[in-house]
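**Student:** For the sequence shown, the working numbering puts the final residue at 1508, and the numbers step up evenly by one.
Just so you know, these hints were derived from the structure itself, not from any lab. Every value quoted in this text rests on a predicted model; they were computed, and no experiment measured them. Warning: the hint list may mix true and false statements.
[What the hints assert, rightly or not] For lysine-lysine, the following DSSO-like pairs were computed, each having C-alpha atoms within a straight-line distance of at most 30 Å:
1. 1386 / 1414
2. 1386 / 1434
3. 1400 / 1414
4. 1373 / 1438
5. 1373 / 1391
6. 1400 / 1434
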Amino acid sequence: MKSIKEYKQEQGNATLQTILGQSLWYARCCTVSVSLMSGFGIPYNYDQSRIDKWADEACKISMHCKMPQNVMLLRAVYKKGDPKYLNAYNGDKRDYQNFIWDSSTFKKTITPAAQAYLILDEIMTAKYFYKSTGKDYNEANNCDEKIGTALMLMKSADMQSQFMSDNLRDHDGLFIPKEDISENPFGDAELEEEDDQPDIS
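Let's have the full structure, built from the sequences with the hints guiding it.
**Tutor:** In structure tokens, the structure reads:
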């Protein structure tokens, strides 16, 4: 008589290692989606020449580098929103304009915790993408894109850290949540302190 473990393995059920691997990959995809595709926050105003300059920096590290198109870098991420795509898919998965979210669903509160978690996720995901290109370059076709995505994630984390330090502090220097009341999302950020603030941060 077969054990439950043997029976489940024969049925093709996923192993713990497989589930862990898929979960980690899903988490990395979510990080890229929020950070570079969604527009879920205060966007960073840049032009194509800035992207080209960053691409040149990446090519000094690796000759194989493809930058994604229409990246939407964020200076700060919002607290809540519905991940509903705004645009129709044009068939090009490297065009990140396909995956921008509907901004009408955004709750434009910026919290230090959400900002810190995204920065940490960006750094860890960038590190994974860059390290993974060395061992499987000859086996995968997307390694060129991984290098470009890793660079964008690191640039994003750097900008968000600076924005957080400059804009999310109170008069005592503590990090506090603030509301984005900016009329022009690409201009200078206009933030307003919430009425009820925690005693400590």
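**Student:** Hints the structure violates: just list their numbers, smallest first.
**Tutor:** Every hint satisfied by this model.
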